[in-house]
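S.K.: Here is what each chain is made of, one letter per residue.
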Amino acid sequence: MKTKTSEQTPDLSRRDFVKASAALGAATWASGASRMFAAGSDKIRVGLIGCGGRGTYDTTNCLNAAQNVELAAMGDLFDDRLDRCRKQLAKELGQKVKVTDETCFTGWDAHKKVLACDVDLVILTEPPHFRPAHLRAAVEAGKHVFMEKPAAVDPVGVRSVIESSQMAEQKKLTIVAGTQSRRLAHLIEGMKRIRNGDIGQIVGGLCVRIGDGMLTWSQETKVRQPGWSDMEWQLRRWLFMTWLSGDFITEMHIHNLDKMNWAMDAHPVQCVGLGGRQVRTGPEYGDAYDHFAVEYEYPDGVRIEYMGAQMDKVTTRQDAQVVGTKGRVYMDSGNFVIEGDKPFKYDGPSPSPVIQQHADQIAAIRGGERLNEGKRVAESTLTCIMGRMSAYTGRAMKWDWAMNASKLDLSPSKYEFGDLPPRPVAMPGQTPLI
Amino acid sequence: MDKHKEQRGRDFSRRDFVKAAAVASFAGASARLTSKLYAAGSDVLKVGLIGCGGRGTGAATQALMGVDKSVRLWAMADLFRNQLDASYDMLSKGAKGRYDRVDFDSLADQMDVPEQRRFVGFDAYQKLLASGVDTVILATPPHFRPEHFEAAVKAGKHVFMEKPVAVDPAGVKRIIATAQVAKQKGLSVVAGTQRRHQLHYIEVIKRIHDGAIGEILAAQCYWNNGGPWCLTAEKPAGVSDMEWQCRNWYWFCWLCGDHIVEQHVHNIDIMNWALGSHPVQCMGMGGRQARVGGNIWDHFAIEFEYPGGVRVLSMCRQIPGCSDRVSERIVGTKGFAYIDGATGFIKGENAYEGPASPNPYVQEHVDLIRSIRQGVALNEGIQVAESTMAAIIGRMSAYTGRALKWDWAMNASKLDLSPAKYAFGDLPVAPVPIPGKTPLI
Chain A
150 MKTKTSEQTP DLSRRDFVKA SAALGAATWA SGASRMFAAG SDKIRVGLIG
200 CGGRGTYDTT NCLNAAQNVE LAAMGDLFDD RLDRCRKQLA KELGQKVKVT
250 DETCFTGWDA HKKVLACDVD LVILTEPPHF RPAHLRAAVE AGKHVFMEKP
300 AAVDPVGVRS VIESSQMAEQ KKLTIVAGTQ SRRLAHLIEG MKRIRNGDIG
350 QIVGGLCVRI GDGMLTWSQE TKVRQPGWSD MEWQLRRWLF MTWLSGDFIT
400 EMHIHNLDKM NWAMDAHPVQ CVGLGGRQVR TGPEYGDAYD HFAVEYEYPD
450 GVRIEYMGAQ MDKVTTRQDA QVVGTKGRVY MDSGNFVIEG DKPFKYDGPS
500 PSPVIQQHAD QIAAIRGGER LNEGKRVAES TLTCIMGRMS AYTGRAMKWD
550 WAMNASKLDL SPSKYEFGDL PPRPVAMPGQ TPLI
Chain B
9 MDKHKEQRGR DFSRRDFVKA AAVASFAGAS ARLTSKLYAA GSDVLKVGLI
59 GCGGRGTGAA TQALMGVDKS VRLWAMADLF RNQLDASYDM LSKGAKGRYD
109 RVDFDSLADQ MDVPEQRRFV GFDAYQKLLA SGVDTVILAT PPHFRPEHFE
159 AAVKAGKHVF MEKPVAVDPA GVKRIIATAQ VAKQKGLSVV AGTQRRHQLH
209 YIEVIKRIHD GAIGEILAAQ CYWNNGGPWC LTAEKPAGVS DMEWQCRNWY
259 WFCWLCGDHI VEQHVHNIDI MNWALGSHPV QCMGMGGRQA RVGGNIWDHF
309 AIEFEYPGGV RVLSMCRQIP GCSDRVSERI VGTKGFAYID GATGFIKGEN
359 AYEGPASPNP YVQEHVDLIR SIRQGVALNE GIQVAESTMA AIIGRMSAYT
409 GRALKWDWAM NASKLDLSPA KYAFGDLPVA PVPIPGKTPL I
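Going down the list, the protein sequences come from chains A and B. Going left to right, the first sequence walks through residues 150 to 583 as the numbering used here numbers them. Going left to right, the second sequence walks through residues 9 to 449 as the numbering used here numbers them.
Hints are computed from structural coordinates only; laboratory data are not their basis. C-beta: ideal position from N, C-alpha, C; glycine also. Hints are not guaranteed to be accurate.
[Unchecked claim] Listed next, the in silico DSBU-like pairs over lysine-lysine satisfying Cα-Cα at most 30 angstroms (straight line):
(1) B:K355 / A:K462
(2) B:K422 / B:K355
(3) B:K342 / A:K494
(4) B:K342 / A:K341
(5) B:K355 / A:K491
(6) A:K462 / B:K135
(7) A:K547 / B:K342
(8) A:K240 / A:K261
(9) B:K181 / A:K341
[What the hints assert, rightly or not] Every beta carbon over 12 angstroms from chain A, so not counted as near; a handful from chain B, in silico:
(10) Y107
(11) F130
(12) E158
(13) K162
(14) G164
(15) K181
(16) I184
(17) V189
(18) G219
(19) L225
(20) H307
(21) Y360
(22) P363
(23) D424
(24) F432
One chain only, chain B, in its complex shape (with noise of 0.2 angstroms):
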């Protein structure tokens, strides 16, 4: 009984374009984009970042360097001045290498951004894609992602969007509204969801789903290990509590959706990839233990049912010291797949070794701006909008204690974390939730 082949057909569309963009060179296409590719007359890829703080300017760096040096930053948006300035000045100087990005040099002869191109404030997205850009980078905390990619394909322009992609059920729905319209339109959208364009994760996944290891029988994913930057210490006095928060995204939910959304979509987006589907109901639990500051958990552990009554382990940790486990297993009747960062393989009948990867990070812009560049439009937004609502459901799971159903979730739920408006000023954080005290909205 293969519960699989029903899912794998589903699957194959998308499956296509991720092979298509990962190999070196394709021949080209059956879709034919409808829009605009570049600014007229010329072969320049201008590129809007609207985020510029560290991951925002990583991708900048990435998509700068990916390809060729016709690529060209051309605008920069963000709600604070002094995170723009930073990042621009980083771009144009040169860093050291982090976890996301590797050592660069100045790329100052790639970059356009006069002052005029600098947009600062809530409404600055509006103003950056109005400024003649052909692709934005959208790297603001998670919240405002489905504003600003409704707003950039109504624009026209293509997008490389990083996860989450939205922090609540009316996020998502949006994003999937959005992404449907730019499939219409034939712009390419990639998410930062960059184990997809990860060459080992590519391989050992298109093995499992080829059979390699049998009808899937049950998985995990985990994050565990020490979490992010640190809230600074206590609001300064003269500072509104929607400056606070926003600076300080991280530590609160409406903004971040919790490090379940933030940062283990990357694990349970690799659940979905591999099962061919994203979870019908769940079950989680969690807390916030260590964590002093802000209103985010510090640790879930979420029972997903996906089709055909398979379980899967999501965990997932945020508390320094403790043991760390970032990484994917996926059990088969014939065998098991286990993929990390660095690694995969397969144990069992088929057994496999995968191979080393490139840069993932740069990779995901290629792939970007080659599907731009070639006229076949790359299309992730339905995809990262599903492991971003699993992730999401997960955690209003473990939030309220209730199980909840997908479709319930999607259908149903009212969840809206939006603040009543945008602009500097009181902003209450909302109570740390409490299982069964926190109601199911």
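So that you can see chain A by itself, here it is in the shape it has in the complex (with noise of 0.2 angstroms):
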């Protein structure tokens, strides 16, 4: 069992041990720091902080992920969904679940609970736009972080999560993000060939994403309860309220605008967008658009463009292309294929990263290595912000304005159950750039 406050090197004996059981084998950190080195098979103590679906489905993951795991703490705004989740979590888990009722925790500091709790590692699950409040305690608590994506719902949120990621980078301790398909294979084998100059000079590409209008997500809040106030009414419906999940572009699309700046190896430069709302037009669905399309400029004026709805009975896509001077690349999520003078097709497994990504970051904190997604997923994250702002508007945009100068902060006045006018929809033209 670790000691909590040990400022000491490990001796060269346990690290020795440490590296012969991690199954990374990236140098150890330099000395310093304090209990986030484990030895290769310590206990991991998790602590879950937002328990719905994807909560449930992250920390059964974590927990499957590598021996010696098990989950200590959990927190969530409502009790109902901590109670669903614990007990989904019981029955996956078993024995590896060992919250008890007094580490349990619900209300708008439940998050700050479960980090007083004994946690080595902290799941952020929650609605977005809590990610760097919560990120922010977290790292001041001394926790290791799996966040979801995204990392934020606002530039004032992006600004604050790359803050947070070099605060974790002082303190040793590891930041690993949502963006799984970071972890795939057949994009990790591909990518190389792209950095590599397989398809030559970059001059364009698309990405596009068409599917699913999730209109029978949360079914059970769809019709707004009696006793609901506006506050709760909205947190339940958070993936259609812009200022909790950041719009679709962000809660989902991150993944596939990820890829592109993968691909690129930059984040865009500038972009413009248009979009709006065709068919999700209830107040149900927030303030949240059903289609966006953006055009991004990367450096040297490449630009990739993107194409995004959310809508049913349409024709479903999702994939991506990359255009070269030498060849062309076309990838989706089993694919990876290029044409051209270096013609390349992935044909191995490419086994699932959800498990993946967190016995990368089990291993990095028992072998006492670096590992820190915080500022990319920061920066992929900006990515969407940007091109939503720019649809929202109807203005273009520059990534160096919205990373430095904008001063958009999505945050209620207050945290609390009670009155809050719903956002208007955002009106191109009209809604202003902040």
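Assembling the complex is the task here: the two chains are given apart, and the hints tell you how they should meet.
M.R.: So this is what it looks like as structure tokens:
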């Protein structure tokens, strides 16, 4: 059992043991730091913050990703969500679930209470709005963090996440993000070839994701229940409330836009977007749009065309292309194909990355290794947010402005169950750029 | 691997016509016109204006002023008397310029339009075609173009027709058939896709075709800006649905084609021109976020796929207060080209700066009139039909949310937006399309 406050560098024999048992072989960090070091099979105690479907899923995967990982604490705003999750996890994970009534917390400061427990690693699966604040609290509390994507819903949140990531770096805490495509074997292999120049100079590309209108998401909350305050209803319908989810371009399509940043090895420089809500127009869909088209301009003027929609009974599609002077890449969830001077088709296995992401983190924690995806996921998040802002306002956007000058902060004036007038649907040409 | 050789081969004769027409003088002709060029015994070229709105009036000034005073306005036709009168008034008094025409003084000395050659109503075009004109300007709302073009060619007239040339696949097919008849008859047909007559466009695209940017890998085209005139409030009592919609034609898809067809066709036309082909298939999205009134949308984004798998982005928006962009960009293995209304250049291995261009709104009429006078038929009918069709399939894809193939749209689509009858009466407005619900026809 590791000590809580040790400032000592692990001694040589323990480090050898760690190296031998860690799955990854990366060099250990130099000294200093605290309890982040864990011996190869030292118990990892996990705290879950955000007990929805994703929280249940990620916790299950995390506890199954390695030996000797257990769930020690849970937190959620709502009793019913926590209870349902706790039952589900007990069913899935049996003895690995070590929470007690005393380590299950609900309400607005549930996350703080989880962080005050004896946990090493927290899983952040709350609605994205809260991610920056929870990440900050977790890093301040000295915890490793697995955080779902996206990292934030507005530029103010993105900056906070970048700052928290730097703090985590200082404190030798690991941060892994739920941008799981980064661990897909066919993409890892394929992207290497792009970097290697196999398609020559990149001159264009596209990224399309169209499908599933999400109309049955959280069916039970579609009709507002008597007794639910504005705040409660919006929280329960968080997916469709831009202040909570960032809209679907951020909440879901970050997977796809993150891949483009990966392929380009850069974030965009500027963008021009349009969009609206043509099908999902009822109040149960908050202020979310149902379609976006954003042209992202990368360094050297390369334009990547993104089109995304959440609609039913339309032609569905999810793929991306990168076009170069010597070839063209086609990729989707299972394929990576290069046509041109250096053809390539990945035909190996591409095992699900959802276990791997946790395995990598646990190994890094145990091996005292550096693993910090915070800045990268923050940049991918801002990529999405700026596309959204451009579509919402109808204004072209520069990255530098969004990252450094935008004051957009979607936080409500207070966090309490009460009145909260729904945000008006954005109107291009009228909604101000903040 | 030169994917474009085949396409350029197909494009060759078209490019020749344009080149010939754009140059100040050309030696005349391989083709002999078989039909009568002018009114017997006179050098006067008699022009009939069908559709006396803002664009039609502008086109008339350009036809009258472009070459010389032998061009005469001979007859006018419009659905509405007050439109015709306002146009006649403006032409005979002069007016200040706007985006598509320069300031001009009275053109009365080139106008010979007595009351008996002013025609009003749904069949005004027929009467105008029988009134002794040599050439017509078709500038009505796009819906009527196929019918008017067909009648004009049947009557043996040369044609200047505004874009777009149709609002649905049924209309496009009629245009194509008529264009072929025009070709057989040796009639000249010039379309209002004026960039085809704009020198810096011609020069940049010529160089693209000659390989200046290598093999084309991607392209983008945009028309994002505030949009045209506004729908006048509510339909007044006593005005029929049909009249209301015709007077506010832009706002109703059956009359206008929606802005992707009505306006963005200009940029989609450049894509077809540069790539040497119409698209093979497309997938689109869009909606109506800010617009109030009528049933058209206010933004679209379409992915067009061209031969060789080249993907082209088309983006258009008509919402005031947003960022503007009206331009095209074509990217190749050796560089890229950028063109807009004012400038055109190529960067990369074969850098090039395009020239300043004469006014293309004038040039298109100059080219038409010269082709008539010099007996070299200039026929843009198929080309503008294909550009119009590309815009239409983009619209249909976006409206329904369904990916569409060109071949299906051209051969199997039954979409025809014509009203049951052309009469001033009731005409319910078609609902605003909703992707996933609006059926694909």
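S.K.: Each hint should be assessed against the structure and marked as holding or not.
M.R.: Verification of the hints:
Between K355 (chain B) and K462 (chain A), the direct Cα distance comes to roughly 43 angstroms. Violation of the 30 angstroms bound is thereby established for this hinted pair. This hinted pair does not check out: K422 (chain B) and K355 (chain B) have alpha carbons roughly 44 angstroms apart, beyond 30 angstroms. Distance check on the hinted pair: K342 (chain B) and K494 (chain A) sit about 26 angstroms apart at the alpha-carbon level, within 30 angstroms; holds. For the suggested pair K342 (chain B) and K341 (chain A), the alpha carbons sit about 24 angstroms apart, so the restraint of at most 30 angstroms is met.
Between K355 (chain B) and K491 (chain A), the direct Cα distance comes to roughly 26 angstroms. Compliance with the 30 angstroms bound is thereby established for this hinted pair. A distance of roughly 48 angstroms separates the Cα atoms of K462 (chain A) and K135 (chain B); the hinted pair therefore is violated under the 30 angstroms criterion. Pair hint K547 (chain A) plus K342 (chain B) holds up; C-alpha atoms about 27 angstroms apart against a cutoff of 30 angstroms. Between the alpha carbons of K240 (chain A) and K261 (chain A) the distance comes to roughly 26 angstroms, so the proposed pair stays at or under 30 angstroms and holds.
The straight-line distance between the Cα atoms of K181 (chain B) and K341 (chain A) is roughly 49 angstroms, outside the 30 angstroms bound, and the hint therefore fails. Listed as a non-interface residue, Y107 (chain B) keeps its Cβ farther than 12 angstroms from every Cβ of chain A; the least gap is roughly 20 angstroms. Distance to chain A confirms F130 (chain B) as a non-interface residue, since its nearest Cβ pair spans about 34 angstroms, more than 12 angstroms. Annotated as non-interface, E158 (chain B) keeps its C-beta farther than 12 angstroms from every C-beta of chain A; the closest such distance is 34 angstroms.
Even its closest Cβ contact with chain A, about 40 angstroms, leaves K162 (chain B) beyond 12 angstroms, as expected for a residue assigned away from the interface. Every Cβ of chain A is farther than 12 angstroms from the Cβ of G164 (chain B); the closest lies at roughly 45 angstroms, confirming the non-interface assignment. Its beta-carbon lying about 24 angstroms from the closest one in chain A, K181 (chain B) satisfies the requirement of being farther than 12 angstroms from that chain. The Cβ of I184 (chain B) sits about 27 angstroms from the closest Cβ of chain A, beyond the 12 angstroms cut-off, so the non-interface label holds.
In this structure V189 (chain B) is separated from chain A by more than 12 angstroms, as the shortest Cβ-Cβ distance comes to about 37 angstroms. With a least CB separation of 14 angstroms from chain A, G219 (chain B) remains clear of the 12 angstroms interface cut-off, as annotated. Not every CB of chain A is more than 12 angstroms from the CB of L225 (chain B) (nearest about 5 angstroms), against its label as outside the interface. Listed as a non-interface residue, H307 (chain B) fails to keep its Cβ farther than 12 angstroms from every Cβ of chain A; the least gap is roughly 5 angstroms.
With 12 angstroms as the threshold on Cβ separation, the claim that Y360 (chain B) sits away from chain A holds: the shortest Cβ distance comes to roughly 17 angstroms. A cut-off of 12 angstroms between C-beta atoms confirms that P363 (chain B) is not in contact with chain A; the least separation is 24 angstroms. Residue-level check passed: D424 (chain B) sits 23 angstroms from the nearest beta carbon of chain A, beyond 12 angstroms. Consistency note on F432 (chain B): stated as away from chain A, and its beta-carbon is indeed over 12 angstroms from all of that chain's, at 32 angstroms minimum.
In this structure, the earlier hints numbered 1, 2, 6, 9, 19, 20 are contradicted, and the remaining ones agree with it.
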